[in-house]
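*Asks:* Sequence:
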Amino acid sequence: MDLNWKHHADQFRSQIKEHIMEATRQLILEKGITNVTIVDITKEVGISRVTFYKHYQSIHEIALDIQMRILSRIADILFTELEQGPQGEEKLRSFLAAFPRIYETGRDDIRFIAIFDYTYNASFPTLELQEVYKAFILGYGDRLSGAMPQQESLQLTFLTALQSIWGLMQRLVIAKTFSDTDSLQQEVQMVDTLTSILLQSLVVR
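The working numbering applies: residue 106 is where the sequence shown begins, and numbers increase by one.
Don't read these hints as lab results, they were simulated from the structure.
A virtual CB, placed ideally from N, CA and C, is assigned to each residue, including glycine.
Don't take every hint at face value.
What the hints assert, rightly or not - Across the chosen pairs, the derived CB separations fall in these ranges:
id, residue 1, residue 2, range
1, Q260, H124, 40 to 46 Å
2, D287, A240, 33 to 39 Å
3, G151, E188, 39 to 45 Å
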């Protein structure tokens, strides 16, 4: 009986935490990180501040959790292409071809990343959060290094392509913030076009 109760209690706490994260994600997409308050979140979720503080001590902690979850999800897609795909140029082609799909299905996720990066570009509010994020990024960096094409001639191409596509996607989502029109398909086409140009460069290289 006690074990059953504990299971349901843990499940309930997990659900509350998920609700907090999703509500905060939506609020940040609407208002930015610095304009969201704990009162905003508790109202949106329908919980008390006491309940909120059982899960998080600040909005910055939630933003970091959301950022790491989004990056993990995107990385899983990309690493599937890198680690299970063919070798050499074909590996790079498979990797690049995933980006238009990532943008089309996760534009809001890309926008959240852009907001997060802009907000914490100079520094994090606490050293602890900074160290957590640094360790997270370094972990994926090591995995990326191991998954890259081993040919030195392709590694610079790989990194250049990654920075180019990621930069374009972030510029597109920032521009969308100031536009009332929904131009998703056009934006996906732009990402796809850049991908095609980069892929074509492999042919003529």
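*Asks:* Decide, hint by hint, whether the structure agrees.
*Replies:* Going through the hints against the structure:
1. Q260 with H124: 40 to 46 Å: Between Q260 and H124, where Cβ atoms are some 43 Å apart, the hint holds.
2. D287 with A240: 33 to 39 Å: At 37 Å between Cβs, range holds.
3. G151 with E188: 39 to 45 Å: Given range 39 to 45 Å: holds, Cβ gap about 42 Å.
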